[in-house]
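Enquirer: One-letter residues, chain by chain:
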Amino acid sequence: MSRLATRFAARKAAGQKALVTYLVAGDPEPQATLPALRALAAGGADVIELGVPFSDPEAEGPDIQAGCERALRHGVKLRDVLAMAKAFRQENSETALVLMGYLNSVERMGYETFAEAAAEAGIDGLILVNLPPEEADALQRRLAARDLDLIFLLAPTTTEARARAILKRASGFAYYVSLKGTTGAGHIDPEDVATRLAPLRTMSDLPIAIGFGIRDGETAQRMAPLGDGVVVGSAIVRRMGTLSLEEQPAELEGFARSLREALDASC
Amino acid sequence: MTQAKGSPASPGPAGWSQYNLPDAQGHFGQFGGRFVAETLMHALDELEAVYRERMGDKGFQAQFKEELRSYVGRPTPLYHAERLSTELGGAQVYMKREDLNHTGAHKINSALGQALLAKHMGKRRIIAETGAGQHGVASATVAARLGLECVVYMGEEDVRRQSPNVYRMKLLGATVVPVTSGSKTLKDALNEAMRDWVTNVDHTHYIIGTVAGPHPYPMIVRDFQSVIGEETRAQCLDTLGRLPDTLVACVGGGSNALGLFYPFIRDESVRLVGVEAGGYGIASGQHAAPLSAGVPGVLHGNRTYLMEDEDGQIIATHSVSAGLDYPGVGPEHAFLKDAQRAEYVAVTDDDALAAFHHVTRKEGIISALETSHALAWILEHAPKLPKDHVIVVNLSGRGDKDIFTIAEREGISL
Ligand SMILES: Cc1ncc(COP(=O)(O)O)c(C=O)c1O
Chain A
0 MSRLATRFAA
10 RKAAGQKALV
20 TYLVAGDPEP
30 QATLPALRAL
40 AAGGADVIEL
50 GVPFSDPEAE
60 GPDIQAGCER
70 ALRHGVKLRD
80 VLAMAKAFRQ
90 ENSETALVLM
100 GYLNSVERMG
110 YETFAEAAAE
120 AGIDGLILVN
130 LPPEEADALQ
140 RRLAARDLDL
150 IFLLAPTTTE
160 ARARAILKRA
170 SGFAYYVSLK
180 GTTGAGHIDP
190 EDVATRLAPL
200 RTMSDLPIAI
210 GFGIRDGETA
220 QRMAPLGDGV
230 VVGSAIVRRM
240 GTLSLEEQPA
250 ELEGFARSLR
260 EALDASC
Chain B
0 MTQAKGSPAS
10 PGPAGWSQYN
20 LPDAQGHFGQ
30 FGGRFVAETL
40 MHALDELEAV
50 YRERMGDKGF
60 QAQFKEELRS
70 YVGRPTPLYH
80 AERLSTELGG
90 AQVYMKREDL
100 NHTGAHKINS
110 ALGQALLAKH
120 MGKRRIIAET
130 GAGQHGVASA
140 TVAARLGLEC
150 VVYMGEEDVR
160 RQSPNVYRMK
170 LLGATVVPVT
180 SGSKTLKDAL
190 NEAMRDWVTN
200 VDHTHYIIGT
210 VAGPHPYPMI
220 VRDFQSVIGE
230 ETRAQCLDTL
240 GRLPDTLVAC
250 VGGGSNALGL
260 FYPFIRDESV
270 RLVGVEAGGY
280 GIASGQHAAP
290 LSAGVPGVLH
300 GNRTYLMEDE
310 DGQIIATHSV
320 SAGLDYPGVG
330 PEHAFLKDAQ
340 RAEYVAVTDD
350 DALAAFHHVT
360 RKEGIISALE
370 TSHALAWILE
380 HAPKLPKDHV
390 IVVNLSGRGD
400 KDIFTIAERE
410 GISL
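Protein chains in written order, with numbering that gives the first Met the number 0: chain A, 0 to 266; chain B, 0 to 413.
One chain only, chain A, in its complex shape:
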């Protein structure tokens, strides 16, 4: 079983929900990332999404856009992100690590080269916001050959037929985008999420994590019962942008722990 599947299965077996956290690699500076990864893992993150900074993050809200800009000011490249992941993996074999970004970064490196390097770095999966399944064959084949999961998104606008097709070819977990909007938007509606997720949960056994708009323990707790896990991103990136290098690890660990406790209290 892949590390992603293992983590989700372990939480499920314990009657718990998985905590998925996101940060932009190299934000606000390259040295911040490894301590931040350690802190999130120590605070109880099951999966960490490591954002690959991109110049044109068209699906992101202001927080993650700013995170990308901070990282890019330091010239952080996909190769650097892979190196950060590898450094983390060398000391942590438990926490699942997923790269999240935009297709052009991977396209520029070349699918084959990327798949090879990602496997070598100990990465478990990949989320590309602007790569729908229709265009994903060539990349998914190369990732699958190395047991890397390509994680697809489901949205409130995804039709039932489409959702079925997506879930069929998804692996690792599926990412349910909880609202129509960009990352970090403030209008999450639990009732709407519940209504839309119910049919999706009957289509497949694949774990579904809910993300976009979950920013604190309270929203995490409200969303948790609806899926298999929650994703928290902008709230972490915002902290990275305001805290000093010294403050970041303890703050992040504490924040992750508070989310973990909220999730446990929800079940």
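Worth flagging that the hints you see were computed from the coordinates, not collected in a lab. Nothing false has been slipped in among the hints.
Computed footprint of chain A on chain B; a stretch qualifies when at least three of its residues, placed anywhere within it, have a C-beta under 8 Å from a C-beta of chain A:
1) 40 to 47
2) 174 to 186
3) 192 to 200
4) 305 to 311
Please read all numbers here as calculations on a predicted model, not as lab measurements. By construction, the Cβ of each residue, glycine as well, lies at the ideal position given by its N, Cα and C atoms.
Assemble chain B with the ligand onto chain A, guided by the hints.
Expert: Only chain B with the ligand this time, still in chain A's reference frame:
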């Protein structure tokens, strides 16, 4: 690229006479496609379905034609620039006068078509991105005409460069949102428009201003703009009794160029020349010429030629003309380049400005700075061509919006 899908660029076994792209998934060879967030996939499917239905609907076609006639002022003339032709001493230069359209550029052809589609889809709000402001003005205009709410995203840098158009949009009742992220120009305005669309997709239609974006946009915008080439074709046959020899147009995203080229793609005898913004020169790296100096990549929903660095980050572009200041280009142009059906060249800021002044004095036509890039190609190449060679240039827009930029460069304050 190893991951490139499909065959190398070719029109298919039957050759150019049967050219019929994009395919069902919106691909032009390896280019095009649909690379967007999942939230937008349904809206694109819906748009494509409505579009296909309306294109087969005589009522819709008649409505579009009538609006083009009575509101936009079509057909636009094909004007023989005789003084210029005589002076250059070579090819005969004809100008397809898109500058005479209502709002002063070709942009309204597609904005109108798309706004009519939005109405048919029951969307009450339209959004648009704009560089030079011409597409924003066109969108604001048709929104007023059809009673739709309109929001236009415009890079902060372009708001400054194109202030007359900003005020025009406001007069028309549109909200202009200055975009401060990234390079503060057209590409960032597109990002911000996509973010708006993903948030308001239920009741909003995004009117993309050029032949780029995710499928079906490159096809829809091309088809609506094809009225330019269709008229040109009929006008040439009517007045000259034959097809033109060369078509020339400036290429930002590529909508005025493709609108002119598309109805001639199947006629292999017609040479197609697209002129990109060469900025300070290709060698300087400061330009906006992805077809001349870019590589294939994925941005704004499609695979096409892009200006990017070795990490795939989109790099800053430069052009004196806001409407050409974009790091990508429509995917069909990328295909036509690789298939060698069209050729793409770059013209510098300085040469475009010189052409602007020259044609203004010679023909009494103040053309847009975007258009002036195509005119610069003509000033250089027409003299080398025979006297019976017919060049048609797409006079894509008028230059009133640019007089402040030009005055500023010459140290004059208006
Ligand atoms: C007059 C004019 N010509 C050309 C362009 C470039 O766009 P496209 O290449 O899509 O025709 C613009 C864009 O703003 C424009 O205003």
